[in-house]
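J.: Chains B, C and D: place on chain A using the hints.
4 protein chains.
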Amino acid sequence: MIEFVCDYAEGAHERILQKLVETNYVQTPGYGEDKFCQEARDLIRKHCKAPKADVHFLEGGTQTNLTVISSALRPHQGVVAAECGHIAVHETGAIEATGHKVLPVESADGKIKPEQIRQLYYSHIQDVNHEHLVQPKMVYISNPTEYGLLYSLNELQAVFDACRECGYYLYMDGARMGYGLASSVNSLALADIARLCDVFYIGGTKCGAMFGEAVVITNDVLKEDFRYMIKQKGGMLAKGRMLGIQFLELFRDNLYFDICAHGNRLSARMKQGFLEKGWELYVDSNTNQQFPIIPNDILKKIGEKYSYCIFEKREDNTTVARFCTSWATKECQVDEFLEDLKQW
Amino acid sequence: MIEFVCDYAEGAHERILQKLVETNYVQTPGYGEDKFCQEARDLIRKHCKAPKADVHFLEGGTQTNLTVISSALRPHQGVVAAECGHIAVHETGAIEATGHKVLPVESADGKIKPEQIRQLYYSHIQDVNHEHLVQPKMVYISNPTEYGLLYSLNELQAVFDACRECGYYLYMDGARMGYGLASSVNSLALADIARLCDVFYIGGTKCGAMFGEAVVITNDVLKEDFRYMIKQKGGMLAKGRMLGIQFLELFRDNLYFDICAHGNRLSARMKQGFLEKGWELYVDSNTNQQFPIIPNDILKKIGEKYSYCIFEKREDNTTVARFCTSWATKECQVDEFLEDLKQW
Amino acid sequence: MIEFVCDYAEGAHERILQKLVETNYVQTPGYGEDKFCQEARDLIRKHCKAPKADVHFLEGGTQTNLTVISSALRPHQGVVAAECGHIAVHETGAIEATGHKVLPVESADGKIKPEQIRQLYYSHIQDVNHEHLVQPKMVYISNPTEYGLLYSLNELQAVFDACRECGYYLYMDGARMGYGLASSVNSLALADIARLCDVFYIGGTKCGAMFGEAVVITNDVLKEDFRYMIKQKGGMLAKGRMLGIQFLELFRDNLYFDICAHGNRLSARMKQGFLEKGWELYVDSNTNQQFPIIPNDILKKIGEKYSYCIFEKREDNTTVARFCTSWATKECQVDEFLEDLKQW
Amino acid sequence: MIEFVCDYAEGAHERILQKLVETNYVQTPGYGEDKFCQEARDLIRKHCKAPKADVHFLEGGTQTNLTVISSALRPHQGVVAAECGHIAVHETGAIEATGHKVLPVESADGKIKPEQIRQLYYSHIQDVNHEHLVQPKMVYISNPTEYGLLYSLNELQAVFDACRECGYYLYMDGARMGYGLASSVNSLALADIARLCDVFYIGGTKCGAMFGEAVVITNDVLKEDFRYMIKQKGGMLAKGRMLGIQFLELFRDNLYFDICAHGNRLSARMKQGFLEKGWELYVDSNTNQQFPIIPNDILKKIGEKYSYCIFEKREDNTTVARFCTSWATKECQVDEFLEDLKQW
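Chains as they are written, first to last, in this note's numbering: chain A, 1 to 344; chain B, 1 to 344; chain C, 1 to 344; chain D, 1 to 344.
Derived by calculation from the structure, the hints in this document are not laboratory data.
Keep in mind that the hints are not guaranteed to be accurate.
In this list, chains with the same sequence are indistinguishable; a pair is considered to hold if it fits within one copy or across any two.
[What the hints assert, rightly or not] With a cut-off of at most 25 angstroms between alpha-carbon atoms, the simulated PhoX-like pairs for lysine-lysine come out as follows:
1) K342 - K305
2) K223 - K137
3) K301 - K313
4) K277 - K111
5) K35 - K305
6) K19 - K330
7) K330 - K35
This is chain A alone, in the form it adopts within the complex (with noise of 0.2 angstroms):
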């Protein structure tokens, strides 16, 4: 069986392990205050240029999404997602348990347009009976978002503007963001996103490392106190040098942005092969994940050697399915499926 069904179905990238094992038995204080963290979180702050930046590492997505919105939002306050925002509809109610409502906007492919921020906020504010309402205070956008799409520079640009007017914060979910950065038709370099985001999230987990994500919060506001939030959550790891060790050896080089240069090839040969078999795609993904619209039949036999994951069943008899690549998938993985592919 060889695994497309998601993207962390591998441990880490081997200079990591080595890494790991290199400093195994250096000694260092704990919950993130050693110098392997300090120095990848100045490497971090390196790659967005913003020097004055907070990073922490967390373990895991949604436990980074959790503690970084509930540390923004006061008690009547919401977070802003796409109905099919990773906080909306995949972390068991996370952002609501810790007592915030998460405002879903429509969206096809996951990306919130400007005109939908105004939209809400001039709809709230109107309502006389506002404060009976949820008054939304932070955007969460995912890039790429869960469809693999991305934010053009343009676009990111004037989310954070309509935020601006507003008054919300601009906080984007990065959980493949390497995959985004990596890809042939992305126009944001991070230091776009540091620059016009109030926080965000680089991802770890599904981008080379064992685990974990680096938060980066810009705006100082958001800084205040952001450990004792981290440690209340849960998220302090008590030796977070493992943290620091991964995300070091991620950006000391280029290596976060190669590794997911090679995830996004590989996917964009899927994609080829998908569309030489005649199927239309769901949306336009360049990045690692793939969602074709497969005739049922034919998505059961890939099933018998290849996972995949089902992302909607269609009346029609097809099914859109995402197949995703990462930093670990082998060049002949792919070349195998595309064969199968041919035959089918």
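T.: Relative to chain A, chains B, C and D alone:
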């Protein structure tokens, strides 16, 4: 600088690292549903002689505590803990953040007595306005306690009996359980703990793992939907295998116990050293933490070369300090310390 | 200015005020344990033909909803509501503030259909990653709905059946229940509601009381420790008698039903007036709320003398407005309105 | 049976009832935006000499405490209270249910000393791991305290100074504030309280109202969006006028103070009676609560005719009991009690 400040200053036991390297490219499903986790669960159930127990792997102690406790309690219920218990003081209000009061009981050494449990119960139900009080429902104990002490089999049985009588769940925080089980004065087997606790966790982070704790649930009522809770609270690692592999390695033979016995033995050597200096010990610990009461001037000198933790500054120019050893402490580090100690 | 904007523009029915004056110096215990509350509870149980039901008095609708729902659910569970349901939109995230997601289902008129409940259930359990989703556990319905519509006996039975099948609790918000029960098209008796709902509340605030709602719990599981929950959420009135006295007066004869019938009758006259103007009604309501679709210029004129509520501005220069009557609306107020209506 | 068990055994002052009857059919907007509430707010601001203060009306003490405190704190912050403070013991964990720890400080009489505040502050910031501790941010005091004692002007000034020094908000629970302000030993004016507290509430429920508390916010930071918070926590009464009318009547002349002075005077007579029996008083209270230490056999006899509250059973066959008077207590009830007292 040699670190005796905590038991998480190094990485992971090398057998764990080696195993992570070996298994790195095996493809597995995510979220703890891989074969490594399954095998590790089976091993732990076997060690616990609890074939029907549910076993889950989480990342750290605070996360485990808040997930277990908030899963078990209804909103008006609270958890009883020693006033120096970890959840009562050192988790930034993590339990309260899930909505529950920690009900402290007096304790100099971190242990809770059965009569304290009964007293709490009766004083609650006899209050005419008990509906205005938080209802105790769970008793949280640490073994070893925050002061390195152990419950004997008789003591644990008595705490269990009191809990049953009052209708309370018994939960054991085993952050340092390995050191407890491997202690020269221990009378508890893992099977006893599994029999007498409704839920407990076997600490990995401080006992040889890179990170991770294994929650064991023996009470059927507490088993239901626990994985939803892990996900909601941010503790469900995408690459859950990382946790499974570590516990698999710790429990496939006697590794967990052997390496903790090593930490205890070095701690006993330090204890002997303190006693030879004529210093009192705050408690008589036979695990990996020692709490000598040291004249401030000497403590300062120690601090130039060795790190430790301050527990209490006394009025007589002495300080209760904590010195930790661990699975990773080297014999030569203790040799050096004891040699120096003689000089001061 | 004559208020048709809501059904809480006046004080309380005069019989209630009179009773409060009469009983003012009777000394009673606090917190709802007085004889007035006991008697009122008995009366309500009798009306409900539910001798074993628990009855509690709370102060307002949002408080009642958040107390009932947070008492019933475990942290990972959510409550299903129509997308226009009060808890989904008009309670400032009160339910989320207790940690629970409101799971919206589409509904134009505020009613939920049994097949929607089943679909939610199956789509949840069939999701391979259902532990990453909020688990539905309670269905919240309003009767009358926010649009003044009623569940028929058959409809409620069908919703009940779907809930039983899925293992969900059924909760009815009866903020305007009096108008529902007194409606000319109603087919539900209080006893039916008590038989088919696990918990519901009989609204006082909008049906003649100064304030107050009576929660009726028929499902034993939901009864346990509910008074703790009322206290914790701030709903336990020190002078609980104030609530008991009001419900005692409303239910010691037919007062509750009679005064709501009065409100319905006046509403029906207004409905007739709207229809005679040739205006469409957004829904065919037979309770105390009417939703005519009115040309904007006329609506503006109405607004100079009569208050109303705006539900939806349409693109064709019309508006869906809401006009409420109540137990307190005077015949002459409606006469005057209908007279004026003819002029416009 | 004559009730001395609490100060909420009767209804409301008759002038309040009369006013409710008089205004019953006046139509007003809901949710506290009516003219009665506006007038009552103005009156209270005037009494407080705080023209810029925000004034809000809520229904009860627990509701007020949980709304004020959860509105002011970020998730990692806690509220300091005397260990016998109402929020610490008698609100079923209402504060914790909003996510915040109550940080208890020792106090025999319910008062907090400025040095306790400073000590808490320094011990927090000096802890190397203070991010693992709940951060104190608000100090909660009761005046009168749960034991009927008062802060003098100097004492309150000193508590205020300590709070300012530490960056803490000062919040006063004034459930029985009327009895405090009307006490023979009181040195605080409402204007002093408004000047020295960031937020406080003026109790209605125990001081002549049917129910209701008036929150006064003087600190601009705490004013923002408070109405959202009231709505979310279930405290926004639809017929908000009910609260406005009551406070309007209590504060339009000296009624609030006069009726509380009456309660105090009767309490002083009872105090005198206890002293004449040779009984010790647990504290020297000059408000409406007395805490005599009474031999158990006599207390039992008292209990056959008069209700009281038990505070502490002592080992020497005595009990600390609480006897409350109120605005509603009749002179003849105290006469009768004192007469009987002589017999026993």
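J.: Taking the hints in turn, state whether each one holds.
T.: Each hint tested on the structure:
1. K342 - K305: within (14 angstroms within a copy, 67 angstroms between copies)
2. K223 - K137: both (16 angstroms within a copy, 17 angstroms between copies)
3. K301 - K313: within (16 angstroms within a copy, 52 angstroms between copies)
4. K277 - K111: Classified as neither; 28 angstroms inside a copy, 45 angstroms across copies.
5. K35 - K305: Intra 45 angstroms, inter 18 angstroms, cutoff 25 angstroms: inter-copy only.
6. K19 - K330: Both ways: K19 and K330 sit 22 angstroms apart in one copy and 21 angstroms across, limit 25 angstroms.
7. K330 - K35: between (34 angstroms within a copy, 22 angstroms between copies)
Of the hints listed earlier, the one the structure fails to meet is number 4.
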